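Number of protein chains: 2
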Amino acid sequence: PAKLKSRRQRSWGVRASEMSKNTLNPIRAIVDGMKLTPNPDKPMISLSIGDPTVFGNMPTDDKVLQAMKEAIDSQKYNGYAPSVGYQKSREAVANFYSRPGAPLEAKDVILTSGCSQAIELCINVLCNPGDNILVPCPGFSLYKTLAVSLGVQVKLYNLLPEKSWEVDLQHLESLIDSRTACLIVTNPSNPCGSVYSKEHLQNIISVASKHCIPILADEIYGDMVFPDCSFHPMAPLSSDVPILSCGGLAKRWLVPGWRMGWILIHDRNNVFGSEIREGLVKLSQRILGACTIVQGALESIFNNTPHEFYQSTVSFIKANSEICYSALSTVPGLTPVMPSGAMYLMVGIDMDNFPEFQNDVDFTERLVTEQSVFCLPATAFEYPDFFRVVVTVPEDMMMEACARIREFCARHYRPCSTDSNEIDQ
Amino acid sequence: PAKLKSRRQRSWGVRASEMSKNTLNPIRAIVDGMKLTPNPDKPMISLSIGDPTVFGNMPTDDKVLQAMKEAIDSQKYNGYAPSVGYQKSREAVANFYSRPGAPLEAKDVILTSGCSQAIELCINVLCNPGDNILVPCPGFSLYKTLAVSLGVQVKLYNLLPEKSWEVDLQHLESLIDSRTACLIVTNPSNPCGSVYSKEHLQNIISVASKHCIPILADEIYGDMVFPDCSFHPMAPLSSDVPILSCGGLAKRWLVPGWRMGWILIHDRNNVFGSEIREGLVKLSQRILGACTIVQGALESIFNNTPHEFYQSTVSFIKANSEICYSALSTVPGLTPVMPSGAMYLMVGIDMDNFPEFQNDVDFTERLVTEQSVFCLPATAFEYPDFFRVVVTVPEDMMMEACARIREFCARHYRPCSTDSNEIDQ
Ligand SMILES: Cc1ncc(COP(=O)(O)O)c(C=O)c1O
Ligand SMILES: Cc1ncc(COP(=O)(O)O)c(C=O)c1O
Chain A
3 PAKLKSRRQR
13 SWGVRASEMS
23 KNTLNPIRAI
33 VDGMKLTPNP
43 DKPMISLSIG
53 DPTVFGNMPT
63 DDKVLQAMKE
73 AIDSQKYNGY
83 APSVGYQKSR
93 EAVANFYSRP
103 GAPLEAKDVI
113 LTSGCSQAIE
123 LCINVLCNPG
133 DNILVPCPGF
143 SLYKTLAVSL
153 GVQVKLYNLL
163 PEKSWEVDLQ
173 HLESLIDSRT
183 ACLIVTNPSN
193 PCGSVYSKEH
203 LQNIISVASK
213 HCIPILADEI
223 YGDMVFPDCS
233 FHPMAPLSSD
243 VPILSCGGLA
253 KRWLVPGWRM
263 GWILIHDRNN
273 VFGSEIREGL
283 VKLSQRILGA
293 CTIVQGALES
303 IFNNTPHEFY
313 QSTVSFIKAN
323 SEICYSALST
333 VPGLTPVMPS
343 GAMYLMVGID
353 MDNFPEFQND
363 VDFTERLVTE
373 QSVFCLPATA
383 FEYPDFFRVV
393 VTVPEDMMME
403 ACARIREFCA
413 RHYRPCSTDS
423 NEIDQ
Chain B
3 PAKLKSRRQR
13 SWGVRASEMS
23 KNTLNPIRAI
33 VDGMKLTPNP
43 DKPMISLSIG
53 DPTVFGNMPT
63 DDKVLQAMKE
73 AIDSQKYNGY
83 APSVGYQKSR
93 EAVANFYSRP
103 GAPLEAKDVI
113 LTSGCSQAIE
123 LCINVLCNPG
133 DNILVPCPGF
143 SLYKTLAVSL
153 GVQVKLYNLL
163 PEKSWEVDLQ
173 HLESLIDSRT
183 ACLIVTNPSN
193 PCGSVYSKEH
203 LQNIISVASK
213 HCIPILADEI
223 YGDMVFPDCS
233 FHPMAPLSSD
243 VPILSCGGLA
253 KRWLVPGWRM
263 GWILIHDRNN
273 VFGSEIREGL
283 VKLSQRILGA
293 CTIVQGALES
303 IFNNTPHEFY
313 QSTVSFIKAN
323 SEICYSALST
333 VPGLTPVMPS
343 GAMYLMVGID
353 MDNFPEFQND
363 VDFTERLVTE
373 QSVFCLPATA
383 FEYPDFFRVV
393 VTVPEDMMME
403 ACARIREFCA
413 RHYRPCSTDS
423 NEIDQ
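Sequences listed follow chains A and B, in order. First residue of the first sequence: 3, per our numbering; consecutive thereafter. First residue of the second sequence: 3, per our numbering; consecutive thereafter.
Treat the hints as calculated values from the structure; they're not laboratory data. Please read all numbers here as calculations on a predicted model, not as lab measurements. For each residue, glycine too, the CB sits at the ideal point set by N, CA and C. Possibly wrong hints are sitting among the right ones.
[As the list claims (entries may be wrong)] Straight-line C-alpha distance at most 30 Å; calculated DSBU-like pairs for lysine-lysine:
id: 1; chain 1: A; residue 1: K212; chain 2: A; residue 2: K200
id: 2; chain 1: B; residue 1: K320; chain 2: B; residue 2: K44
id: 3; chain 1: A; residue 1: K44; chain 2: A; residue 2: K71
id: 4; chain 1: B; residue 1: K78; chain 2: A; residue 2: K71
id: 5; chain 1: A; residue 1: K157; chain 2: A; residue 2: K212
id: 6; chain 1: B; residue 1: K212; chain 2: A; residue 2: K23
id: 7; chain 1: B; residue 1: K71; chain 2: A; residue 2: K78
id: 8; chain 1: B; residue 1: K78; chain 2: A; residue 2: K320
id: 9; chain 1: B; residue 1: K78; chain 2: A; residue 2: K90
[Claimed, not checked] Covered stretches of chain B, going by a simulated chain A footprint (3 or more residues, C-beta under 8 Å):
id: 10; region: 14-26
id: 11; region: 114-121
id: 12; region: 145-152
id: 13; region: 246-258
id: 14; region: 276-290
id: 15; region: 294-308
id: 16; region: 325-332
[As the list claims (entries may be wrong)] Which bits of chain A does chain B cover? Going by a derived footprint, with three or more residues having C-beta under 8 Å, they are:
id: 17; region: 25-38
id: 18; region: 123-133
I would like the entire structure built from these sequences, with the hints used as guidance.
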């Protein structure tokens with residue numbers, strides 16, 4: 003049939019946008035590139051996924067489920083909520099997180115679809131293409147994924163494993179330039195499990211203050227710290243630096259699938275003016291935020307979750323961390339770093355002692371092949387020659403996994419020629 | 003204190019990003035600019051919000067609530083789902099929406115946080131800055147909100163009220179150029195309540211086919227059509243044009259707050275190749291999608307919601323539409339257009355007959371002041387001199403509202419001088 007010439011002068015062939023192509027997920031990129039074929043003689047133990055629910059040993063509290071069912075039965079939470087969340091739910095979050103030096107009201111809270119959307123909104127409101135953000139290394143990969151897709155550059159600041167993953171403040175400061183739009187601090191940390199002291203947080207804030215950089219405090223693991231340690235939210239420690247604290251139900255309440263997150267806006271000196279608040283509200287209207295049933299349950303979740311639930315979660319994580327740390331710290335060639343919170347433990351690999359393996363990806367791939375244990379290579383966090391262990395698995399699996407890692411290392415360990423040299427010197 | 007000069011050479015003052023400033027919500031912009039002071043002697047009747055749950059007269063079905071509570075009790079749906087949704091839930095959607103000419107498998111389904119996120123992902127994957135999309139006028143404002151914030155231009159194609167809001171195909175075709183990335187079709191329509199015939203949809207598809215433009219079919223009101231009318235999903239009607247159909251639980255199941263949406267990828271000729279599918283998967287990893295509890299309930303919601311529930315919803319909406327249509331069609335100066343589905347009815351205002359008012363915004367503002375009835379001025383849909391009535395309110399309120407609109411119009415109506423002229427000619 004005589005077809006009119008298309009004005010568009012083109013045939014089929016639809017290309018994906020630049021933005022979608024620039025949405026890179028390093029964890030997927032690395033894991034998908036690995037040959038993960040477990041040893042058929044050993045059942046697989048996966049210590050790679052930051053989801054505390056996968057093994058069934060860490061259920062959420064009954065009160066949390068109860069709160070959800072009551073929200074459903076009330077039939078009050080089926081309609082649209084305001085894009086920033088129900089007023090009452092925002093109030094509940096404000097009450098729960100208000101601190102003497104850093105009071106919060108409902109207007110300071112924006113409810114989001116998971117902490118991920120909280121982070122997305124914060125980056126989106128603070129950054130223009132060409133700006134840069136300061137991101138911890140090693141650090142959670144989502145920051146970079148979101149930033150790069152927006153044309154925002156990521157500058158990685160070093161954390162120091164020998165100082166329990168404190169920030170290398172000098173390095174941090176050296177990265178700041180006129181296009182630095184935001185400093186991201188993850189405390190407690192994924193992947194490190196580190197928890198910063200008040201003093202260290204103050205030092206970080208001082209750098210931000212000196213250079214007038216707002217802080218995005220990713221506190222999704224807030225309060226998930228071991229009993230002998232304290233969690234300090236950043237906001238009360240800041241006198242002038244505005245802080246957007248991102249959090250959610252995912253980790254502490256052990257329900258990451260529910261996609262309930264929030265932004266707490268701390269800006270006592272009104273540095274943000276109304277612009278940033280309004281910008282966040284506008285951005286929240288794009289797709290709206292969290293499921294209304296979970297929003298409806300929030301107040302009751304905060305009020306009724308028993309203290310023992312929180313305690314038993316961290317006690318368990320601490321016990322498992324200790325098992326893992328003490329088991330691996332006696333393995334030649336490995337250097338685990340003891341965490342103080344969250345649910346991760348980082349282990350350094352002395353690659354010189356494992357000449358068979360090129361890098362951490364190689365090492366962890368072979369650990370699957372031989373021992374059916376999968377740990378995420380820390381290259382996924384831009385931190386080669388480490389791997390991350392998720393410490394929420396059942397205790398016996400944790401022990402078994404460590405035994406297998408020990409066996410694996412013993413088999414592949416080669417003393418370095420330089421080792422003796424060092425003694426000589 | 004002697005403060006070091008900041009390298010950034012700047013003091014505090016954090017500006018919101020261009021993207022947040024370019025995220026414009028016309029409904030909010032217009033409504034926030036209106037003086038909405040009801041008449042204290044008359045209780046307010048709001049016919050403005052597209053949320054069927056606000057009056058409590060349209061609860062969702064008990065089976066839907068039951069499915070949610072079972073999902074909670076199972077404790078199987080607390081962890082992270084894959085970013086595109088659980089395999090089983092995607093399968094449930096695929097089964098429910100598969101049609102003879104347009105089969106679906108789980109891999110063709112992406113679950114999202116509401117239909118809004120479905121639309122966002124589709125626009126994000128298809129469009130680069132500088133591209134344009136074709137959007138119905140009048141139409142749902144979110145398309146423009148999302149596009150403009152991405153630097154994507156919106157070209158409005160006309161719908162014809164006198165032809166039950168069919169697309170002006172010539173106008174549509176005239177807008178296509180080499181940067182046209184996507185054609186959005188809303189069927190059934192918000193704000194029109196129109197439902198297109200098979201033939202009309204085929205004509206629209208022909209235009210897209212001729213110019214090789216993929217279609218985003220916003221079918222969130224799919225199946226919400228009056229008993230004497232049929233809904234035709236676009237996909238089975240297309241032989242070559244790839245169609246991304248966006249939908250969700252919001253409207254048909256009357257639970258918009260739950261934020262459960264989906265994209266159905268129809269691409270039988272493999273025009274998209276793997277790029278668009280991969281792009282959608284990548285974009286889904288940014289913030290992850292829908293709440294896992296709702297995902298877990300999906301299969302049971304599809305299987306167990308009784309047919310009568312769907313029927314009674316549309317019967318009610320049809321009855322209310324008829325009440326509204328017949329009441330307003332005898333009001334001098336108004337021209338309501340009878341809908342065939344969704345939950346809206348558009349009413350034309352013969353502005354010449356209301357010289358006191360400048361436009362539809364003025365008109366609807368005064369309708370609040372005098373009669374405590376609020377209808378959304380269609381300027382919010384880029385379509386001045388109309389207003390939109392939401393027809394999900396209880397019947398007695400619908401009747402009362404129409405009586406007040408009649409009274410309001412009678413009071414302000416002025417016969418046009420040209421009316422007699424017309425008769426003369
Ligand atoms: C540091 C950090 N921030 C944010 C998130 C995302 O949280 P959510 O699942 O609530 O989006 C995670 C998840 O692992 C995380 O580790
Ligand atoms: C045409 C249309 N598409 C999409 C949506 C958004 O649906 P959801 O609430 O599931 O995001 C709406 C909501 O009113 C709508 O009218």
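Consistency of the hints with the structure:
no.: 1; hint: K212/A - K200/A; in the structure: 18 Å, holds
no.: 2; hint: K320/B - K44/B; in the structure: 27 Å, holds
no.: 3; hint: K44/A - K71/A; in the structure: 41 Å, violated
no.: 4; hint: K78/B - K71/A; in the structure: 15 Å, holds
no.: 5; hint: K157/A - K212/A; in the structure: 18 Å, holds
no.: 6; hint: K212/B - K23/A; in the structure: 28 Å, holds
no.: 7; hint: K71/B - K78/A; in the structure: 15 Å, holds
no.: 8; hint: K78/B - K320/A; in the structure: 25 Å, holds
no.: 9; hint: K78/B - K90/A; in the structure: 29 Å, holds
no.: 10; hint: 14-26; in the structure: holds (count 12)
no.: 11; hint: 114-121; in the structure: holds (count 4)
no.: 12; hint: 145-152; in the structure: holds (count 4)
no.: 13; hint: 246-258; in the structure: holds (count 3)
no.: 14; hint: 276-290; in the structure: holds (count 11)
no.: 15; hint: 294-308; in the structure: holds (count 4)
no.: 16; hint: 325-332; in the structure: violated (count 0)
no.: 17; hint: 25-38; in the structure: holds (count 4)
no.: 18; hint: 123-133; in the structure: holds (count 5)
Violated hints, in rising order: 3 and 16; the structure is consistent with all others.
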